[in-house]
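Be aware that the sequence shown starts at 2, since it is given in our numbering, and climbs by one per residue.
A few of these clues could be false.
[Stated by the list, open to error] Straight line, CA to CA, 27 Å or less: simulated DSS-like cross-link-like pairs of lysine-lysine:
#1 15 to 55
#2 71 to 55
#3 15 to 46
[What the hints assert, rightly or not] FRET-style restraints, in silico, Cβ to Cβ:
#4 11 to 43: 34 to 44 Å
#5 26 to 67: 30 to 40 Å
#6 10 to 34: 18 to 28 Å
#7 8 to 58: 14 to 24 Å
#8 5 to 60: 13 to 23 Å
#9 31 to 63: 15 to 25 Å
#10 10 to 36: 20 to 30 Å
#11 11 to 72: 28 to 38 Å
Calculated from the structure, these hints are not laboratory results. We put the CB at the ideal spot given by N, CA and C, even for glycine.
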Amino acid sequence: YLDEWGNNGLDFTKPGVSTHFLVTALTLPADQRPAAEAHAEAVRKRFFQQGPMKSANLGRDDERRLRVLKTLLT
């Protein structure tokens, strides 16, 4: 699983361009993949219903963000 955030062009001369570009990867043994996918899907359905599991969809609700993260970790 791979995700990114920020401006990959790294043109810092433009106003509002992030000075950071983050890449996150999750790796796990192949035999653990089905359980991890099922858990992530259950969390997605619980907190995001029909849409993708995106932090931006949580807005500024830090309590909800914390609940999502804790649920993902269990």
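Note to self: Can you tell me whether the CB distance of residue 11 to residue 43 sits inside 34 to 44 Å?
What the structure shows: holds (37 Å)
Checklist line | Supplied distance hint 28 to 38 Å, evaluated on CB atoms of residue 11 and residue 72 | finding: Since the Cβ atoms of residue 11 and residue 72 sit about 34 Å apart, the hinted range of 28 to 38 Å holds.
Notebook entry, point to check: Is 15 to 25 Å right for how far apart the beta carbons of residue 31 and residue 63 are?
Noted result: violated (35 Å)
Item checked: Range agreement (Cβ of residue 60 with Cβ of residue 5, hint 13 to 23 Å) -> holds (21 Å)
Check: Quick one: are residue 26 and residue 67 within 30 to 40 Å, going by C-beta?
Finding: violated (23 Å)
Checklist line | Pairwise hint evaluation, residue 46 against residue 15, where the allowed Cα distance is 27 Å at most | finding: Roughly 38 Å separates the two Cα atoms, so the pair is violated.
Item checked: Range hint compliance [Cβ, residue 10 to residue 34, 18 to 28 Å] -> Cβ of residue 10 to Cβ of residue 34: about 33 Å, so the range 18 to 28 Å is violated.
Note to self: Verify the CB-CB distance for residue 8 and residue 58 against the hinted window 14 to 24 Å.
What the structure shows: holds (21 Å)
Margin query: Tell me if the straight-line CA distance from residue 71 to residue 55 falls inside 27 Å.
Written below: Holds, because 15 Å separates the two Cα atoms, which is no more than 27 Å.
Check: Are the Cα positions of residue 15 and residue 55 separated by 27 Å at most?
Finding: Holds. Residue 15 to residue 55 sits at ~26 Å (cutoff 27 Å).
Next item on the list: Return holds or violated for the Cβ distance of residue 10 and residue 36 against the range 20 to 30 Å.
Entry: violated (38 Å)
Hints 3, 5, 6, 9, 10 from the list above are not met by this structure, while the remaining hints are.
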